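Peer 1: Spelled out, the chains give:
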Amino acid sequence: MTLTTEEKAALKAPWGTVAPLLEIRGISKSFGRADVLSDFSLSVNPAEFLTLVGPSGCGKTTILRLIAGFEKPRSGRIFLAGRDVTDLAPYRRDIHTVFQSYALFPHYDVFENVAFSLRIRGLEEESVRERVAEALALTKLAGLERRKPDQLSGGQMQRVALARSLAGRPSLLLLDEPLGALDLKLRREMQLELKNIQRRLGIAFVYVTHDQEEATTMSDRIVVLNRGRIEQLGEPREIYEKPRTSFVANFMGAANVLEARVLSSSASSVELKIEDEIDCAVPNSGPASAAPSGRVYVAVRPERVAVHAQRPDDQAPGILARVQVKEHVFLGHSSQVYLKLFEKSRRPFWALCRSAPMNGALAPGQWVWAQFRPEDVLMLEPVERT
Amino acid sequence: MNRRALGIYGVFFYLFLYFPLLIMLAFSFNNARRNVVWRGFTFKWYGRLFHDTELLWALATSLKLALAAAAVASLLGLLASYALARHRRFRGRGFYAGLFNLPLMIPEIVMGVGLLSFFAKARIPLTFWTLAASHALIALPYSIGTIRGRLLLLKDSRLEEAAMDLGATEWVTFLKVTLPLAWPSILAGALLAFTVSFEDFVTTFFVAGVGVVTMPIKIYSMMKFGVTPEINALAVCLLIFAATALGLNHLSISNKTLDSEA
Ligand SMILES: Nc1ncnc2c1ncn2[C@@H]1O[C@H](COP(=O)(O)OP(=O)(O)OP(=O)(O)O)[C@@H](O)[C@H]1O
Ligand SMILES: [Mg+2]
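Chains A and B are the protein sequences, given in the same order.
Heads up: the first sequence runs through residues 1 to 386, numbered per the numbering used here.
Heads up: the second sequence runs through residues 387 to 648, numbered per the numbering used here.
These are calculated hints, taken from the structure and not from any lab test.
Among the hints, a few may not be true.
[As the list claims (entries may be wrong)] Below, in silico cross-link-like pairs of lysine-lysine (PhoX-like), each with a Cα-Cα straight-line distance of 25 Å or less:
no.	chain 1	residue 1	chain 2	residue 2
1	B	Lys541	A	Lys72
2	A	Lys195	A	Lys140
3	A	Lys344	A	Lys326
4	A	Lys344	A	Lys273
5	A	Lys195	A	Lys273
6	A	Lys185	A	Lys195
7	B	Lys610	B	Lys430
8	A	Lys148	B	Lys562
9	B	Lys541	A	Lys148
Since we're looking at a predicted model, the values are computed, not measured.
Using the sequences provided together with the hints, build the complete structure.
Peer 2: Put into structure tokens, the structure is as follows:
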């Protein structure tokens, strides 16, 4: 079943919102005794680039395998373009997968690999050739038609796997860490190409990666998973700027998580006492204000912390603290400064500085000033933290 | 260890293994009835061998038998391995896998007696075909062993899943992916099964019907009059045949690996 553009357009509900292409409703899955997913729901919009990120073992591959039909859920349903596909075999679903190991057929050459799904559908030789050529051009593989998979480089195999999945023009493509086996430079290149191809073809991608930078650069929306649950779902910017939990703050970028007490809160701002030391008023972003006078956690991104030798004579100094340097790590393009925020503070606190502060003349034990803006104090949901 | 000592050890090791065969080879060309003294070179024993119609009949029977057994064992082996490899978690899988290997563990004499009493109780007359069925049975573990390993490797490489993901039904996947990639192992298993059947003596001795004489049985009956040069010549022929089979087997296994996608 392949959707034409008109059909895809017709899926848009009359009231203007888009009907989801894929809808996972309350799925549970366990292997033996281990519950991997319980009551998991997610929807994917047509032509959307959705990325699943999360630590190893959190269930990303399992979700893809459920969507593709290789695993059956214990309960819950899966809908594709409004049709219940939960009990359909993988070959009855309009979904293709790019496997991490590529899974190219070693006994077929590149052309036949890419033509596989077309031949099975019984397309005529002429249109097979046409569509294979199209897919190969798209993935910059033209000229390699007669190579066998074992005569290809890692990057080329990756492209063949992609071309093979695209040639069938599915409405949804699943990619499980497709760039995981490539070196960093090739990976950055392929990220851009993949995103380009996805945009051009208007195929929805559900993409799995553990590289948060990859997720941020490519996705329309990101799903942050933790132990089979959605910690947060949103646009990359939103996830970076408004992480809801300390898990998200730490997983998507780096974060200094600090404890704070809410002194008072209004609709627009919250008065906090951070680590029993710093009084400050931060914008009220929502979640934490639900716990008045309770303990909350806040996050400050290391890249938003500035380090000064002298007390800065800014007009608006923001939050300033006199701190002691614990360690200074020079990274080339930037440097990390580990600080002791307070005498008794045991939480790590560090700053990521774009250039070496004070020309690199930072010695452990030295007293400096740390500065960050109230807007950069991110209030987290009041979840228990160990 | 000293290199030289190792070399000497190696020489003795291989002599121990192959000296008897060398003796046999030499005496198959000995121009004398008795196997003790060298009386000059001759091809006459080979000549006599190829004119011994009884022996040629036995050879033909053995070849037909081995072919039939290999074909049946390969087909059943493929089906059984497919079930064992494909459905990793069906109930009693370990039990069935063990059951298929049982013919390897059971002493052949027990198999022979068991088969004979079964055929007798079931009133099945002993013919070429009962013998073929018995040979297929003892050869089955070998073909399952070779094919199953390959199918498990195939499964881990996700190739069959990839095919189904691209729209191939189970049957089409089997034809377009499983079979072509498992083919070398099926061939290797068939060769093994062929050899097992061809050289089998004990089981055959029990269940061969009247008038069904296989090569090993024939050799055994010839031996009643001592080891003659004809037997040496025959053994050499069989040795060449076995070496060829081994070489073919080796080629068919090593030729195609799944390395590229593993
Ligand atoms: N076939 C299986 N049998 C038993 N347990 C399984 C099976 N497949 C997955 N699991 C378990 O389910 C959990 C989720 O696995 P999954 O492969 O989905 O994780 P993942 O998020 O893809 O991890 P990674 O980033 O390491 O690939 C893990 O704890 C894993 O051990
Ligand atoms: Mg995974």
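Peer 1: Taken at face value, is the distance from the CA of A/Lys195 to the CA of A/Lys185 at most 25 Å?
Peer 2: 16 Å, holds
Peer 1: Is the Cα-Cα distance between B/Lys541 and A/Lys148 25 Å or less?
Peer 2: 20 Å, holds
Peer 1: Against the 25 Å threshold, does the CA-CA distance of A/Lys195 and A/Lys273 hold or violate the hint?
Peer 2: Distance of about 43 Å is beyond 25 Å: violated.
Peer 1: Next pair to validate is A/Lys344 with A/Lys273; report whether the Cα-Cα distance is within 25 Å.
Peer 2: 16 Å, holds
Peer 1: Need the status of pair A/Lys148, B/Lys562: alpha-carbon distance at most 25 Å?
Peer 2: The hint holds at about 16 Å.
Peer 1: Tell me if the straight-line CA distance from A/Lys344 to A/Lys326 falls inside 25 Å.
Peer 2: It holds: about 14 Å lies between the C-alpha atoms, which stays within 25 Å.
Peer 1: If you draw a straight line from the CA of B/Lys610 to the CA of B/Lys430, is it 25 Å or shorter?
Peer 2: 21 Å, holds
Peer 1: Has the given pair, B/Lys541 with A/Lys72, been kept, meaning a C-alpha gap of at most 25 Å?
Peer 2: 18 Å, holds
Peer 1: Given the hinted pair A/Lys195 and A/Lys140, is their Cα-Cα distance within 25 Å?
Peer 2: Status holds; Cα separation ~15 Å.
Of the numbered hints listed earlier, the single one contradicted by the structure is hint 5.
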